[in-house]
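Asker: Protein chains in written order, with the numbering used here: chain A, 1 to 393; chain B, 1001 to 1275.
Note that these hints are calculated values from the structure, not bench results.
Errors might be hidden in some of the hints.
[What the hints assert, rightly or not] Here are the simulated lysine-lysine pairs, DSS-like style, with alpha carbons at most 30 angstroms apart:
no.: 1; chain 1: B; residue 1: K1229; chain 2: A; residue 2: K6
no.: 2; chain 1: A; residue 1: K16; chain 2: B; residue 2: K1168
no.: 3; chain 1: B; residue 1: K1180; chain 2: A; residue 2: K6
no.: 4; chain 1: A; residue 1: K16; chain 2: B; residue 2: K1252
no.: 5; chain 1: B; residue 1: K1168; chain 2: A; residue 2: K310
no.: 6; chain 1: A; residue 1: K310; chain 2: B; residue 2: K1141
no.: 7; chain 1: B; residue 1: K1071; chain 2: A; residue 2: K310
no.: 8; chain 1: B; residue 1: K1222; chain 2: A; residue 2: K310
no.: 9; chain 1: A; residue 1: K16; chain 2: B; residue 2: K1222
no.: 10; chain 1: A; residue 1: K16; chain 2: B; residue 2: K1180
no.: 11; chain 1: B; residue 1: K1083; chain 2: B; residue 2: K1141
no.: 12; chain 1: B; residue 1: K1141; chain 2: A; residue 2: K6
no.: 13; chain 1: B; residue 1: K1168; chain 2: A; residue 2: K383
no.: 14; chain 1: B; residue 1: K1252; chain 2: B; residue 2: K1180
no.: 15; chain 1: B; residue 1: K1180; chain 2: B; residue 2: K1168
no.: 16; chain 1: A; residue 1: K310; chain 2: B; residue 2: K1163
no.: 17; chain 1: A; residue 1: K6; chain 2: B; residue 2: K1083
no.: 18; chain 1: B; residue 1: K1180; chain 2: B; residue 2: K1163
no.: 19; chain 1: B; residue 1: K1168; chain 2: A; residue 2: K6
no.: 20; chain 1: A; residue 1: K122; chain 2: A; residue 2: K101
no.: 21; chain 1: B; residue 1: K1071; chain 2: A; residue 2: K6
no.: 22; chain 1: B; residue 1: K1252; chain 2: B; residue 2: K1222
no.: 23; chain 1: A; residue 1: K6; chain 2: A; residue 2: K101
no.: 24; chain 1: B; residue 1: K1261; chain 2: B; residue 2: K1141
no.: 25; chain 1: B; residue 1: K1163; chain 2: B; residue 2: K1178
no.: 26; chain 1: B; residue 1: K1083; chain 2: B; residue 2: K1270
[As the list claims (entries may be wrong)] Example chain B residues on the side facing chain A (calculated, C-beta under 7 angstroms, incomplete):
no.: 27; residue: L1070
no.: 28; residue: A1122
no.: 29; residue: T1220
no.: 30; residue: V1268
Positions of the beta carbon are idealized from the N, C-alpha and C atoms, including for glycine.
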Amino acid sequence: MLQSFKMAIRSILGNKMRSFLTMLGIIIGVAAVIILVSIVNSYMSTVIESFASMGVNQINISVTNTASRSLSEDEMYEFRDENTDLFEYLTPNVSVMMPLKNGNDIMSSSVRGYSEDYMGIKDYELYAGRNIAYSDIVGRQKVAVIGYYTATELFGSPDYAVGDRIKVGNTSLKVIGVIERQAEDDDDFDEGGTDDFVWIPYSVAMSMNGSSQISSYIITSRDTDHADECTEALETMLFQIFRDDDLYTVSANSELLDELNSQIAMMSAMLGGIAGISLLVAGVGVMNIMLVSVTERTREIGIRKALGAKRSVIMQQFVMEAAVTSSIGGVIGIVLGSLATGAIGTAMGIEATPTPAAVAVSFGVSVGIGLFFGYMPASRAAKLNPIDALRSE
Amino acid sequence: MNDRDDNKNTNIIEYDTAKPREKSEKQRTADKFKEKASGRPGETLIELRNIYKIYHMGDEDVRANDGISLKINKGEFVAIVGKSGSGKSTLMNIIGALDVPTDGEYYLGGEDVSDMTDDELADIRNRMIGFIFQQYNLLPKLNLLENVELPLQYAGIGAAERKERAMKSLERVGLEKKWKNMPNQLSGGQQQRVSIARALAGDPSLILADEPTGALDSKTGKEVLGFLKELNAEGNTIVMITHDPSIAMNSKRVVQIMDGKITFDGDVEKYAAII
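Chain A extracted, bound-state conformation (with noise of 0.2 angstroms):
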């Protein structure tokens, strides 16, 4: 075994320039799985944390017609008493028709109505003054939590922002609070971005677009592992009330980031595979060298059988040098690959690293294609017959 690897290792370095392109294939193949597997995994990793910061725990509920039966906060609050062991937040989403005034310029900043939970929901934190509090929302206070970029557009600082007051359509509202920078980069601080909105009492939303109903909630789960039995819960509820599934629809973030698993792992096998298929034509490959060499070699083969070399010996010989030569092949192609990897992400702005698994299988592949590639050459080489094999030139 020692003596056939150091007889592979030989028979590699006295044919370097030929190794070398056998190998190329296989250095191409397992790079390539590697690069497309770890980035596409990276990426999407990227995609998933941002998401999640959108609350994967969030569940949203829309009543789409109002007129028939309403759904009231007290219904909801009163639900989600009674299933606190499932439900954490609850918060009414009311969209206020009405824009942000700057001056008599109008501002895209979102406004919306929410309950004193929404700060919980979103896990943001203060940066200067309060949160909308419960009596804020009883007593129609007419108050304002408001977003960085909005504090900074219209007061110049956010340190100056608390206790001035802002204007939404022609209503006039005290802010009490502003929050913490969300955007990380400064490309995305800016206008309609996570830093721009405002927050006001549900209560005070209603009544500045005249309804009385509410027709969206947003719910959150005391943890993702139960969604499942969330949705059915808040189904369940809202069919008693409605006895129409029609006149409601609950989506749960959950339910899209499963949707979003699923699909990663869909692409990143198909992304390996289309790698894995370069993987295969470098076993072809290797079989090809492997089968020239055989031939070249046949007297060698038929000295080596002559005196006294069984069948058994000679295909180890040949078995054991195709995956060696796969194997160096592999592993330069996982260095190669981790290290394309780490600056194809840094150019694509994420941080890329190479997936272990990808590694994993990539080397094992390689391993395999010379052992089963290696073997059919292998094979011929061992059946040779010694005379035939000593009488070629």
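Assemble the complex: chain A is given as a structure, and chain B must be docked to it using the hints.
Answerer: Just chain B, lined up with the frame of chain A:
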């Protein structure tokens, strides 16, 4: 090569005949025969009984060996002579356990070689036969020592013992100082000496030389023949295949083959009388 025998002046080399690997029943029987054979010169080493080798060429059957029976004893130096196409190469392949006959029996050291499998034949070749080829057949990418080590390697002998025995074999042909050289750095005569060293390394019962001087000029050819004689004088059994009757004159017994049949078998003196 620090462990090598420093006593370079001696030509007599004592090999350790006890093989370190585990022996099968068959091998043990074979070893018994070998011991017997080397123990008592004159005992039968090769016995061919009615050997036929028939090749099918289209519709025609070519009888390369057409009923050959032959006995060769331990310690003999036999030349098998025949023109090209006479069947002498086929006979050599059968004697050398490189091929099996279509019909007939072949006993080598008491073992029936006639219907052995590929691997069994390889084992027989390895243990009992030392080949000397016309084209030397050294492996060009191995140095001299490694070339001589090959049969020992296939016999499963450990690296240290292998090196020692191979080096002694090289000393025997006077090339121990060049052990690191590659075959293509040597002259034809030297290469043939290396192939003799390789043939001797495994301490075989039979040395089978196929046109050993065919690729050499007459002077180095004579040297090689002298060497074979010397080996024979030391008790080695030698079978030499040649097309050249004058080369055959160096042996003690001549077997002439024509059209797959033995047409003469006798002492070299008698052979000299008929040519």
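Asker: Could you run down the list of hints and mark each one as holding or not?
Answerer: Each hint tested on the structure:
no.	hint	in the structure
1	B:K1229 <-> A:K6	violated, 38 angstroms
2	A:K16 <-> B:K1168	violated, 34 angstroms
3	B:K1180 <-> A:K6	holds, 17 angstroms
4	A:K16 <-> B:K1252	violated, 51 angstroms
5	B:K1168 <-> A:K310	holds, 25 angstroms
6	A:K310 <-> B:K1141	holds, 20 angstroms
7	B:K1071 <-> A:K310	holds, 28 angstroms
8	B:K1222 <-> A:K310	violated, 35 angstroms
9	A:K16 <-> B:K1222	violated, 42 angstroms
10	A:K16 <-> B:K1180	holds, 22 angstroms
11	B:K1083 <-> B:K1141	violated, 34 angstroms
12	B:K1141 <-> A:K6	holds, 13 angstroms
13	B:K1168 <-> A:K383	violated, 33 angstroms
14	B:K1252 <-> B:K1180	violated, 36 angstroms
15	B:K1180 <-> B:K1168	holds, 14 angstroms
16	A:K310 <-> B:K1163	holds, 21 angstroms
17	A:K6 <-> B:K1083	violated, 43 angstroms
18	B:K1180 <-> B:K1163	holds, 12 angstroms
19	B:K1168 <-> A:K6	holds, 24 angstroms
20	A:K122 <-> A:K101	holds, 25 angstroms
21	B:K1071 <-> A:K6	violated, 43 angstroms
22	B:K1252 <-> B:K1222	holds, 16 angstroms
23	A:K6 <-> A:K101	violated, 80 angstroms
24	B:K1261 <-> B:K1141	violated, 40 angstroms
25	B:K1163 <-> B:K1178	holds, 14 angstroms
26	B:K1083 <-> B:K1270	holds, 19 angstroms
27	L1070	violated, 20 angstroms
28	A1122	holds, 5 angstroms
29	T1220	violated, 22 angstroms
30	V1268	violated, 28 angstroms
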